[in-house]
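Peer 1: Sequence:
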Amino acid sequence: MSEFDIFLEEEKLLLASALYKTGVWISYAEDLEGEEDDIREMRALGACLRAVAKKYDGPGLVDDIARFTLSQKDVWDEWADDVYDPRDEIGKALALMKNKAPKDDLKKYKAALYEVAVTVAQAHGEFIQYDEEEPEEGSAFGALLGKITATFLGKGAEDADHPMNVSSVESQNISQLKTLMREYE
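The numbering of the sequence shown is numbering that gives the first Met the number 0, which starts it at 0 and goes up by one.
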C-alpha cells in the first residue's frame, strides 16, 4: 500500500491536476514568443514532472503524485483548458495535503509546486534540454533537479527570492503562488 492510497480517487486527481496546472498557469502568463515558447514550456513541465517522479522512485507521497500526474497525460489538454487562475484549486490541494498527509509531505508538495512554476518560467532559456529523460550531472536541468532534491530532502531551498530570468508576469504569478503556499504552514 502506497502513502498515496490515503486519498480518494477525486483527491488524487485534485493533487495531480493542481501540480500540472501550476506549470500551465505560469506558461500561459505571458505569450510573447508564441507557440514555440509554449512548446518549450510544456516540455519543461513534463520533464520536471518526470524528474520528480524518477528521482524519488520509491516510497514517497510526492513522487507518487508526480507519477500519477504523468499517468493522466491523456487529460492534460482538458486540465490546460481550465487554467485561467488555478489558485483556488491549488489551495484546495494544499488544504487536502495539510489535513491528510504528514507535515514533511506537505512541505515537499509545496516544493514541487514551486519548482514546477520556476522550471516553466525559466524554460525560455535555450541552453536547457527539457526532453532529457535522465538529466546529466552538471547540466542545467541536472542542477535544477539537484535543487529540487535538496528541498525535498529538507536540506533547505535557496529560493527565498524570485528566480532569475523570468518575466514580470511570471514573477507575479510565482509570488502569488508563494503567498498561497504560506497560508498552509
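Warning: the hint list may mix true and false statements.
DMTMM-like mimics (lysine to aspartate or glutamate), calculated; alpha carbons at most 25 Å apart, straight line [unchecked claim]: (1) K53 - D103; (2) K72 - E34; (3) K177 - D73; (4) K177 - D87; (5) K102 - E184; (6) K91 - D80; (7) K72 - E35; (8) K53 - D37; (9) K106 - E182; (10) K102 - D76; (11) K11 - D81; (12) K102 - E10; (13) K91 - E34.
FRET-style restraints, in silico, Cβ to Cβ [stated by the list, open to error]: (14) K97 - S1: 16 to 22 Å; (15) Q171 - K99: 26 to 32 Å; (16) D76 - Q175: 21 to 27 Å; (17) E35 - L7: 27 to 33 Å; (18) K53 - E77: 21 to 27 Å; (19) P58 - D37: 31 to 37 Å; (20) L7 - R86: 31 to 37 Å; (21) A94 - I38: 31 to 37 Å; (22) E184 - I5: 19 to 25 Å; (23) S167 - Y83: 31 to 37 Å; (24) E34 - L179: 36 to 42 Å.
These are calculated hints, taken from the structure and not from any lab test. We treat Cβ as the ideally placed atom computed from N, Cα and C, and that holds for glycine.
Peer 1: Each of the hints needs a verdict: does it hold here or not?
Peer 2: Going down the list of hints, with the structure as the test:
1. K53 - D103: holds (19 Å)
2. K72 - E34: Answer holds: K72 to E34 is near 20 Å, not above 25 Å.
3. K177 - D73: violated (29 Å)
4. K177 - D87: holds (14 Å)
5. K102 - E184: Holds, at about 9 Å.
6. K91 - D80: Holds, at about 19 Å.
7. K72 - E35: Distance ~20 Å between K72 and E35 Cα, so the pair holds.
8. K53 - D37: holds (24 Å)
9. K106 - E182: Distance of about 12 Å is within 25 Å: holds.
10. K102 - D76: violated (31 Å)
11. K11 - D81: At roughly 18 Å apart (the allowed maximum being 25 Å), D81 and K11 satisfy the hint.
12. K102 - E10: Within the cut-off at roughly 17 Å; holds.
13. K91 - E34: violated (31 Å)
14. K97 - S1: 16 to 22 Å: About 19 Å separates the Cβ atoms of K97 and S1, which means 16 to 22 Å holds.
15. Q171 - K99: 26 to 32 Å: Since Q171 and K99 have Cβ atoms about 31 Å apart, the given range 26 to 32 Å holds.
16. D76 - Q175: 21 to 27 Å: Roughly 24 Å apart at Cβ, these two residues keep to the hinted range, so it holds.
17. E35 - L7: 27 to 33 Å: Since E35 and L7 have Cβ atoms about 39 Å apart, the given range 27 to 33 Å is violated.
18. K53 - E77: 21 to 27 Å: At 25 Å between Cβs, range holds.
19. P58 - D37: 31 to 37 Å: Once the Cβ atoms are compared, 35 Å apart, the range 31 to 37 Å for D37 and P58 holds.
20. L7 - R86: 31 to 37 Å: violated (22 Å)
21. A94 - I38: 31 to 37 Å: Once the Cβ atoms are compared, 33 Å apart, the range 31 to 37 Å for I38 and A94 holds.
22. E184 - I5: 19 to 25 Å: holds (21 Å)
23. S167 - Y83: 31 to 37 Å: Violated, at about 19 Å.
24. E34 - L179: 36 to 42 Å: Between E34 and L179, where Cβ atoms are some 29 Å apart, the hint is violated.
Checked against the numbered hints given earlier, the structure breaks hints 3, 10, 13, 17, 20, 23 and 24 and satisfies all the rest.
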